[in-house]
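Asks: Following the hints, put chain B in place on chain A, whose structure we already have.
Protein chains: 2
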Amino acid sequence: MRLLFSSLALFFLCSLQAQTRWNNPSGNSFPVLQNQGWSGEIGTTFERFPARAEKTVRKAVWDLSHHTAGLAIHFYTNAPEIIVRYKVKGSFAMNHMPATGVSGVDLYAVTPDGKLKFAWGSYRFGDTVQYKYQNLVRDPKQPKGFEYRLFLPLYNSVDWMQIGIPDSCHFEFIPVRKEKPVVVYGTSIAQGGCASRPAMGWTNILSRKLNYPVMNLAFSGNGPFEKAVVDLIREIDARVFIFDCLPNMGSLTDEEIYRRVMEGVQNIRNKYTAPIILTDHAGYTNDQTDTAKATAWKRMNLAQQKAYQQLLKNGIKNLYYLDHKTIAFPADGTVDATHPNDLGMQAYADAYEKLLRKLM
Amino acid sequence: MRLLFSSLALFFLCSLQAQTRWNNPSGNSFPVLQNQGWSGEIGTTFERFPARAEKTVRKAVWDLSHHTAGLAIHFYTNAPEIIVRYKVKGSFAMNHMPATGVSGVDLYAVTPDGKLKFAWGSYRFGDTVQYKYQNLVRDPKQPKGFEYRLFLPLYNSVDWMQIGIPDSCHFEFIPVRKEKPVVVYGTSIAQGGCASRPAMGWTNILSRKLNYPVMNLAFSGNGPFEKAVVDLIREIDARVFIFDCLPNMGSLTDEEIYRRVMEGVQNIRNKYTAPIILTDHAGYTNDQTDTAKATAWKRMNLAQQKAYQQLLKNGIKNLYYLDHKTIAFPADGTVDATHPNDLGMQAYADAYEKLLRKLM
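Residue numbers (the UniProt record's numbering), protein chains in the order written: chain A, 1 to 360; chain B, 1 to 360.
These are computed hints drawn from the structure, not numbers from a lab.
Here the structure is a predicted model, which is why all the values come from computation and not from measurement.
Here are the simulated lysine-lysine pairs, DSSO-like style, with alpha carbons at most 30 Å apart:
id, chain 1, residue 1, chain 2, residue 2
1, B, Lys115, A, Lys325
2, B, Lys293, A, Lys144
3, A, Lys358, A, Lys209
Just chain A, same shape as in the assembly (with noise of 0.2 Å):
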C-alpha cells in the first residue's frame, strides 16, 4: 500500500510547474553510454575507442572514433518534457547527410511490452544543439516512467551533452546493458552515412529490431580491415563479429584483401568461437551507368569469398557470409550511389536481421 502511494506520488507529483534539472550521462556515478566497448576504461566520455588506441590506430581512424555513432543513452522519466541539449565539434551537416543525421540525437520510448516508439524532439542547431521533447505521453503504471533510449549523433563528436526534465520528475540513468554484444567493423555506412537520423544507422535499426546492444566501430573511409582495429576488437568477448568492410578496399589488390581477409577472421578466432560474419559490398547503384563502377565492387567481393572459402577449409568454425543477393540492396537505396539512404539502410539492416536471428 505505501508502495503504491508512493509509486502513484511519483506520477501525479511530476509537473512542467518545475524548473528544469539537468542530469549529466559524463558527470554519473557509473557509465551510462550504450553500446561503447572500454566502459570501464572509458569512463563516462563520448567516444569509441579507449585513450590507448591513439597509439596505435592510425589518426584518422582516431579522429572518427570521437564520433559518436552507434551510442545511446537508456534512461526513465516520467517527465511530459524532456529537453537534451549538447555540444558538436564538426561540422553540423554534410550536403549529402542533413544535420539531424550527421549532429542530431533519436528519441524512442519502449512501451511496457517492450516496443520502441519514435518521439519527436523540436531541435535547435548552434553552439548549444537543443532537442526539445513535448507533450509525452504518460502512464500512472509506469510510475518511474517509460524507458528511453536516446541515440547519439552519427557523424559528429559530443563534447557534453545534459539531459533536462522538471525538477519534480522522475529521473534515472540506465546502466550499460551486460548482454555481449554484436560488434560491427565497418565503413562510412555502417557508421550511419548517410541516415536521416542516428536511429536510421543501420546498426541502430538492427539494436532496435533486436532489442539488443549493437557496438558500432565504424569509420568513414577508414574501415579497411586493418589489423590496428582487428586488434582492439579482439579485446571485446562478442556475441558476434560483424566485418563489413569491403567498401573501403577498393584501392587494395585481391591479394591484399584475401590476405587481411584471412588474418583479420584468425585473428579473432584464435581466441573467439562466437559467430563471425563476412558481408559482401552491397554494389554501387550507379553500376550500371557509370564504366568504372561495373566491377570494382565485384572483384572486391570475389577476393573475400575466396578467402571465405579457404578459412572454411581451414577448418574455421560458425563463420558466416552475407553476399549482395541476400542483402538485394534497393536500386534506389543510395543518396550518392555509395551510401544508403533509410531506404537502404533498413534494406542493410533487414539482412542482418534475418541473418542474425539465426545465430543469436
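Replies: For chain B alone, coordinates are given in the frame of chain A:
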C-alpha cells in the same frame, strides 16, 4: 547503309577531347520542362504556375510555385560526361533535408528496354551549383545515346540551368510528353520533403515506376485544398487527379475540411470524368509518444472520409480513397514525425502505384 554509317559516326566522333557545349533548356525552341502544366503559357522557365496565378493564389503558394519540385528535363546524349550547372535562389539545405534533396538534381538513364538506371554526379554547391557525371556507359547500338531524365530540385527555385557535353557528342532535348498527366495537389510531403535527392520525392518515384508524367502541385505548409488552387488545377486535362491535402488542414474544423473536400471534388467533376483520388493523412510517426499527435490526424481523416461518402451518395463516379491502412506508412518512415525520409517516400509511392495501376 548511309544511315548506319552516320549513326556510327555519331557514336565514334563523340569524345572527351572537345570543348564543352552548353545546352540551355530555357533557350530551347520548344518547351522541355516535363511534368509542368501550362507549358505553352509558361514557356521555358522553371515555374510550376503561369504568371497570372500570382493574382489568384496566396503569396505563400505563389512563392512556393517557383520551387521546381516534380519538374524534369529529358534528353538524349551519347556523351561520356555530362555537366549540369545552374543557379538556385534559396538556401541550399534544411536541417532535416540535405542539400542534395533541397537543391540538387538527380539523373537517370533509360535503358533500351525501358528501365531507369541511377547515375551519380559529383556535386559542388555554390553560387553556381554543379553536378558532373563521368564515365557514363555508352552503347554503339544507341548512336544518339541513352535517354536521360534529369529531376530538378525539390525545395528550391532554379534561376538558370545549362547542360554541358563535349562538343563532338550528340545532344537533343526531348519535347514534353503528350500523355495527360497525373496531377497531385498536396503539401510539403508531396512536394518532396524530406527526400535525400529529387528522384526520391514520391511523385518522382511514381513517375519513374509508371513511366508516366506526374505533375507536382504541392506546396510546403500551403496545400489545404484551397479553391484558388483547385481552380488552376481545373485547367489541366489530367489522367488522374490526386488530392493529398490533409496534412495541411490540421487548423481547420471538421466542417471546413468537409466543405473544402466536397467543393474541390465537385469543382473538378463538373468538368472532367477522370479518376479523382482523395488521400488520408498517413499519420504522425510520433503519435504514440506525443499526446498532441495521437488523434489529430485521425480527426482529419474522418472529416474527409465523411465527405467522400457523401460524394459517393451524391452519385460522383470514378472517385477513390487511399486510406492510411493501405498506405501502411512505416513506423520509421519520417525524419521528424511528419516528413517522410526515403523509406517513407517509397511507401507512399508504392501505395499510389498500386492504386494507379488499377485506374490507368
